[in-house]
Amino acid sequence: MDDINISFREFNLSNGLHVILHQDGTLPVTAINLWYHVGSKNEHEGESGFAHLFEHMMFQGSENVAANMHFHHVQSAGGTLNASTSFDRTNYYETLPSHQLELGLWLESDRMSSLAVTEQTLETQRNVVIEERRSRYDNQPYGTMLIELFAKAYKLQPYRWPTIGSITDIRSATLNRVQAFHRMYYRPENASLCLAGDIDLDRASDLVERYFGDIRNDESEIYRPFVHEPPQTTQVRDYVYDSIPLPGLLVGMHIPDVNSKDFLPLEVLSQILTSGDSSRLYKSFVYEARIAQSVLSYAYDLELPGLFLFRIIAQQGKTPDMLEAMLWKELDAVRRNGVTEKELDKARNRLEAGFVHGITSLQSRADMLNSFHTLSREAARINTHLSRLRAVTREDIQRVAAMYLTEHNATCLHYLPYPKQSSENL
Amino acid sequence: MKKRVNDSFDRRIPPTPGTPKDVTFPDYFEHRLSNGLKVIVHAQRALPIVSMNLVARGGTVYDGETPGLAAMTAELMIKGTADRSSSEIAEEIESLGGSIASGANWDSCSVGITILSKHSQRAFDVLSDVMRASVFPEEEIERVREQRLADILQDKSSPGALAWRRFCSAVFGRHPYGQPPDGTEQTVAALTRTQVRDFHASRFVPENVFLLVVGDADPADIVTMAERVLGDWQTSKAVDGFIPMPETAARRVQVVDRPNAVQTSVLVGHIGLSRNSDDYIPVFLMNTLFGGYFGSRLNLNLRETRGYTYGAHSRFDARRQPGPFAAGAEVRSETTDHAIEEVLAEMHRMREDLVSAEELDKVKRYVTGSFPLLIETPAQVAQRIISIELYGLEKTYYNHFNSTVLSLTSDDIRGAAQRYLHPDSATIIAAGRGSMLRDRLERFGTVEVFDSDGRLIPNVSFLTQDT
Numbered sequence: 001m002d003d004i005n006i007s008f009r010e011f012n013l014s015n016g017l018h019v020i021l022h023q024d025g026t027l028p029v030t031a032i033n034l035w036y037h038v039g040s041k042n043e044h045e046g047e048s049g050f051a052h053l054f055e056h057m058m059f060q061g062s063e064n065v066a067a068n069m070h071f072h073h074v075q076s077a078g079g080t081l082n083a084s085t086s087f088d089r090t091n092y093y094e095t096l097p098s099h100q101l102e103l104g105l106w107l108e109s110d111r112m113s114s115l116a117v118t119e120q121t122l123e124t125q126r127n128v129v130i131e132e133r134r135s136r137y138d139n140q141p142y143g144t145m146l147i148e149l150f151a152k153a154y155k156l157q158p159y160r161w162p163t164i165g166s167i168t169d170i171r172s173a174t175l176n177r178v179q180a181f182h183r184m185y186y187r188p189e190n191a192s193l194c195l196a197g198d199i200d201l202d203r204a205s206d207l208v209e210r211y212f213g214d215i216r217n218d219e220s221e222i223y224r225p226f227v228h229e230p231p232q233t234t235q236v237r238d239y240v241y242d243s244i245p246l247p248g249l250l251v252g253m254h255i256p257d258v259n260s261k262d263f264l265p266l267e268v269l270s271q272i273l274t275s276g277d278s279s280r281l282y283k284s285f286v287y288e289a290r291i292a293q294s295v296l297s298y299a300y301d302l303e304l305p306g307l308f309l310f311r312i313i314a315q316q317g318k319t320p321d322m323l324e325a326m327l328w329k330e331l332d333a334v335r336r337n338g339v340t341e342k343e344l345d346k347a348r349n350r351l352e353a354g355f356v357h358g359i360t361s362l363q364s365r366a367d368m369l370n371s372f373h374t375l376s377r378e379a380a381r382i383n384t385h386l387s388r389l390r391a392v393t394r395e396d397i398q399r400v401a402a403m404y405l406t407e408h409n410a411t412c413l414h415y416l417p418y419p420k421q422s423s424e425n426l
Numbered sequence: 001m002k003k004r005v006n007d008s009f010d011r012r013i014p015p016t017p018g019t020p021k022d023v024t025f026p027d028y029f030e031h032r033l034s035n036g037l038k039v040i041v042h043a044q045r046a047l048p049i050v051s052m053n054l055v056a057r058g059g060t061v062y063d064g065e066t067p068g069l070a071a072m073t074a075e076l077m078i079k080g081t082a083d084r085s086s087s088e089i090a091e092e093i094e095s096l097g098g099s100i101a102s103g104a105n106w107d108s109c110s111v112g113i114t115i116l117s118k119h120s121q122r123a124f125d126v127l128s129d130v131m132r133a134s135v136f137p138e139e140e141i142e143r144v145r146e147q148r149l150a151d152i153l154q155d156k157s158s159p160g161a162l163a164w165r166r167f168c169s170a171v172f173g174r175h176p177y178g179q180p181p182d183g184t185e186q187t188v189a190a191l192t193r194t195q196v197r198d199f200h201a202s203r204f205v206p207e208n209v210f211l212l213v214v215g216d217a218d219p220a221d222i223v224t225m226a227e228r229v230l231g232d233w234q235t236s237k238a239v240d241g242f243i244p245m246p247e248t249a250a251r252r253v254q255v256v257d258r259p260n261a262v263q264t265s266v267l268v269g270h271i272g273l274s275r276n277s278d279d280y281i282p283v284f285l286m287n288t289l290f291g292g293y294f295g296s297r298l299n300l301n302l303r304e305t306r307g308y309t310y311g312a313h314s315r316f317d318a319r320r321q322p323g324p325f326a327a328g329a330e331v332r333s334e335t336t337d338h339a340i341e342e343v344l345a346e347m348h349r350m351r352e353d354l355v356s357a358e359e360l361d362k363v364k365r366y367v368t369g370s371f372p373l374l375i376e377t378p379a380q381v382a383q384r385i386i387s388i389e390l391y392g393l394e395k396t397y398y399n400h401f402n403s404t405v406l407s408l409t410s411d412d413i414r415g416a417a418q419r420y421l422h423p424d425s426a427t428i429i430a431a432g433r434g435s436m437l438r439d440r441l442e443r444f445g446t447v448e449v450f451d452s453d454g455r456l457i458p459n460v461s462f463l464t465q466d467t
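Here the protein sequences come in this chain order: A and B. First residue of the first sequence: 1, per our numbering; consecutive thereafter. First residue of the second sequence: 1, per our numbering; consecutive thereafter.
Just so you know, these hints were derived from the structure itself, not from any lab. Heads up, a few of these hints could be off.
What the hints assert, rightly or not - Quick list of the computed label-pair ranges, beta carbon to beta carbon:
1) B:Glu142 <-> A:Arg336: 25 to 35 angstroms
2) B:Thr24 <-> A:Arg136: 31 to 41 angstroms
3) B:Gln234 <-> A:Glu288: 49 to 59 angstroms
4) A:Arg237 <-> B:Thr235: 55 to 65 angstroms
5) A:Arg203 <-> B:Thr24: 18 to 28 angstroms
6) A:Val240 <-> B:Ala379: 30 to 40 angstroms
7) A:Asp238 <-> B:Arg455: 51 to 61 angstroms
Claimed, not checked - Partial chain A-side listing against chain B, Cβ under 7 angstroms, derived:
8) Leu103
9) Ser113
10) Ala116
11) Tyr137
12) Asp138
13) Thr174
14) Ser284
To be verified - Taking lysine-lysine pairs in the DSS-like style, the calculated list, with each CA pair at most 25 angstroms apart, reads:
15) B:Lys21 <-> B:Lys362
16) A:Lys342 <-> B:Lys118
17) A:Lys318 <-> B:Lys156
18) A:Lys329 <-> A:Lys283
19) B:Lys364 <-> B:Lys38
20) B:Lys364 <-> B:Lys21
Beta carbons are placed, not taken as given, at the ideal position from N, Cα and C, and that holds for glycine.
With the rest of the complex left out, here is chain B:
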């Protein structure tokens, strides 16, 4: 039934857009303190809130033989200093309405406070204290250890976490990227206070750290404050360096058995590229079209055409060294093998056929048009600045982003796919009902089945049978 009375215009035709306006990445303030520590301020003063972060270059990738070390060190930074106990730190910041958080990822460790800007000074004192004077009390280490062991246990019941962990292990082997960032039961249980202190001392040194302040802040005030509190801080050099990548492996087909699963978590992929690669933007655009947004080939195929899944995605996780490329979905169990076939077929299609001008134009308009939404809030701008700093990108990088995207051709997209999508050697991981998956996945290669503890199950005939 039609609910409209009459139309004064033709509704069949989409309206003509107005004239687009330019968007530029904000020019932010940079300054180096006398001891080499870099200060960056992006002032955006619409709301009375500020976020202050101390970021150290290098993170989980330097875990060495102790997966979980960076993550645990970062968490423990805010659990006690010479002057403040763990509870006092939380109480002081939370009383002012703020929040304090610390963490590690592959290429950095950081600690940050978000707070109403009128409390900046006090918050900054706490922030500096936890960076310079963390004492890592044994009692706090035990608490965090216990929590982390419970988290690791929890992950073993999460299908997505199980599939991801198996995928990284299969693709990267002994490289740190193949190890779990939160560690294993063994490494977390064995980790010592000395290791934590040494790791902290190796990362948090003035030349390796930058202070990033975004939101309601005045750059001159921040510099004065930083020079006063951090100016006298001197320590040794940070460890740097790359860790040799594994050779690109041949395809592996692995199943993680979850006997009660009502879906399969599927991942297909291999080693991708590094963040500072010249190919990053072509690969980003190619991947967006392939599986990086709702209108992507992968999602339209697996969700909108076939109804196998609530959503299918792919992503290049570009780090300082080439990180993983993975395409995946949580699919109805019976469709697992069909879904994998479709993913591989879509990868082949990206490599073989030129994308049409229309499809290319659509994805370009999506990527360039939604760019402002990546720099809308102070926290988002902070994320982009951190990428610039950690990966040595030009300060004007994000101002060239859209024009680079617009300059790419169908040949560029196919070239990027040919260099960075490898369906024939892609590893295939499926977490779900092992007995069914073993049979359905055989056509992709020899199937190895693991339990949720990561142990290879030698004789698959013991697997639970479906009823």
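Next comes chain A alone, as it looks inside the complex:
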């Protein structure tokens, strides 16, 4: 397939704010996408969840925008908006009718410059975030699986606590810390702004300069933990009981960071193992042996070394032990014999189609450009990503399987339904 060609202009303002402009006038709409290079990784022990709680506070008012008026302004202009926080980064985004571009720049620049939050708005958002944690994790079957896995797999790296945070830590967040966090991380040189859509490139450059050009950087040194786990030499195992009807198996293996040469082969391998009904593990676990209800794998693309994840839910009457036995047998086959050219070809085709599909909307294209810039320091990878994927060979895949998908490098969690209690049987 031909490489895709997303054209864009890229520059830094004098204060260090990175700017990416991509023009596409198909619809009179512009996506504004702003990444701050800060996530839960930058938190200290005992303040887990702070980066995400802070993201909520960014909607609670700044010097010229009253609490909740951010939402009001964007939605009244016909725009949609949201934000998200993960281990390595926080993003904020609006999609606006293109004649409202300036409104978005005004809002984002105002909250990059200042926060006007109060004890009362902080208390409300603490409560909202605690309910968010319950809705998405604690009160969902299998909802805490990843939290448990990362906590067991990491001893040192700050990925060991979840982005959502612990309820105790969320409750103890203070207003002083909110302002200090804003000063340290929400500065122009730690951010990347992408505008994609119906824009005039020169005018957009001028507007960005007008709204963001005079924002200063704080002089403090940004805290960026650079901690690597020591190599894992023995398997970590544990059992977790939860309100679930079917048992599950969760396995995580340490893998290198997203920019390592071994990362793309791992991503391709994950595709071969579990993507689609004709993938290896779907066929063996779900279709042929019928011991699993679902099987999923994922190579976490993180700045510090991440995990290769397997999440397998058992079919009725089957156990995590059975799932685990089959997983090791399948992985052993990959380590010994590698994958076929046909499997590799299929994985490439599917990754290509998925990548193209994944940048169909303006907002997703803007997010991808910012992601490549922030995590790999190269926005242009949006156009070379597919050829890099194409370059992955069968030898690469067998090598990374043998190196990382091993039993001693694994953390294995068996998820089990609570034993029946009489009080539950009404």
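Position chain B relative to chain A; hints supplied.
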């Protein structure tokens, strides 16, 4: 601390917007094959990807006495034809980087392939094959049955799914809308190959099916391809017709007991309206203001003012027949009764007070301004075209959408609320810790408590006690 050096302009005032540009819904291509099958193409050729879908009118609503029939039939369509086994179908499409999916919802069954456009021809052959020549092998039926039984079991631990299922049952009773689309353990276990084959044959007939192609495609090529592969396809007529709706019931207050819950899933609502109702757009705008977006009354009240929840929403699920209206949130357990009171109070307020010009203007600008985002990608345009087809809307429907929204007045909004929001008869469902909820919900009416299997618990004194 201020981080800015100086300003060359007044930042206190929001910038003045430029001039808005018009957005029109794309004019798409339509053609009828000699056998009556309709072909629709929306070409959007920026990226080399195409999505081809065969859509049959009528879905889960025709499940009859076998809830789960449409869903299972649709899933099984891609699990084997006279020429291709289930594995071969998956392998063929996935090798080309594509994906194939099939499914049913209330008003349609469909099967579709999304693939790089250079593989259109081969993908279309597979698509036609699964529609015309599915054989529903017994072995595949057993596999899917086993998977679906496990899914049903999984749903019993999901608070949202439990609350929704109870809500539909309470509001719609024996009407198909009151039955679970994925079936029950009993119906899925009993379902036969004959039922699946008959259901498939009753829906997938040329006059009842349309082919919808969006993305990187040329209409003339698609017609040629469709005529070649599907032109000789002749079969009987599809079943049609409406199923009598239940009378609007009096309020019911029902609890689904989840002893370990750390939150309550709340739903408040009743029967809503059908998709082709003349009131649809006024009701849509009224609901957006009430609970349909982040800036809605419901969300600002329950989330931003009170911090009871991560989010509160409401929705009219408009189908071919009047579907459900439900307002809901997942709330901190201790606030459950307060949250329900607020939902009911907000419903009353919509019916009684005129919305201010400012609030009306804000929601109009949100709805009309974000309209382009509903037609940004080929998949989104496809969704809108499917609505036009299934509900008999005008082809120009979406071009009048914004002007209709802009023409509505505060009186229209209050009128829509008075006709379509009924707080006094609204059913109330709460999934959470039964012992606590029973006491807290008594003031809304007689509380019935169910277990997660849907069984009424006759003597609530057996409920687990909080410690």
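Hints and how they fare:
no.: 1; hint: B:Glu142 <-> A:Arg336: 25 to 35 angstroms; result: holds, 33 angstroms
no.: 2; hint: B:Thr24 <-> A:Arg136: 31 to 41 angstroms; result: holds, 39 angstroms
no.: 3; hint: B:Gln234 <-> A:Glu288: 49 to 59 angstroms; result: violated, 38 angstroms
no.: 4; hint: A:Arg237 <-> B:Thr235: 55 to 65 angstroms; result: holds, 57 angstroms
no.: 5; hint: A:Arg203 <-> B:Thr24: 18 to 28 angstroms; result: holds, 25 angstroms
no.: 6; hint: A:Val240 <-> B:Ala379: 30 to 40 angstroms; result: holds, 37 angstroms
no.: 7; hint: A:Asp238 <-> B:Arg455: 51 to 61 angstroms; result: violated, 35 angstroms
no.: 8; hint: Leu103; result: holds, 6 angstroms
no.: 9; hint: Ser113; result: holds, 5 angstroms
no.: 10; hint: Ala116; result: violated, 11 angstroms
no.: 11; hint: Tyr137; result: violated, 10 angstroms
no.: 12; hint: Asp138; result: holds, 5 angstroms
no.: 13; hint: Thr174; result: violated, 17 angstroms
no.: 14; hint: Ser284; result: violated, 12 angstroms
no.: 15; hint: B:Lys21 <-> B:Lys362; result: holds, 19 angstroms
no.: 16; hint: A:Lys342 <-> B:Lys118; result: holds, 19 angstroms
no.: 17; hint: A:Lys318 <-> B:Lys156; result: holds, 19 angstroms
no.: 18; hint: A:Lys329 <-> A:Lys283; result: holds, 14 angstroms
no.: 19; hint: B:Lys364 <-> B:Lys38; result: violated, 35 angstroms
no.: 20; hint: B:Lys364 <-> B:Lys21; result: holds, 16 angstroms
Violated hints, listed in ascending order, are 3, 7, 10, 11, 13, 14 and 19; each of the other numbered hints is respected by the structure.
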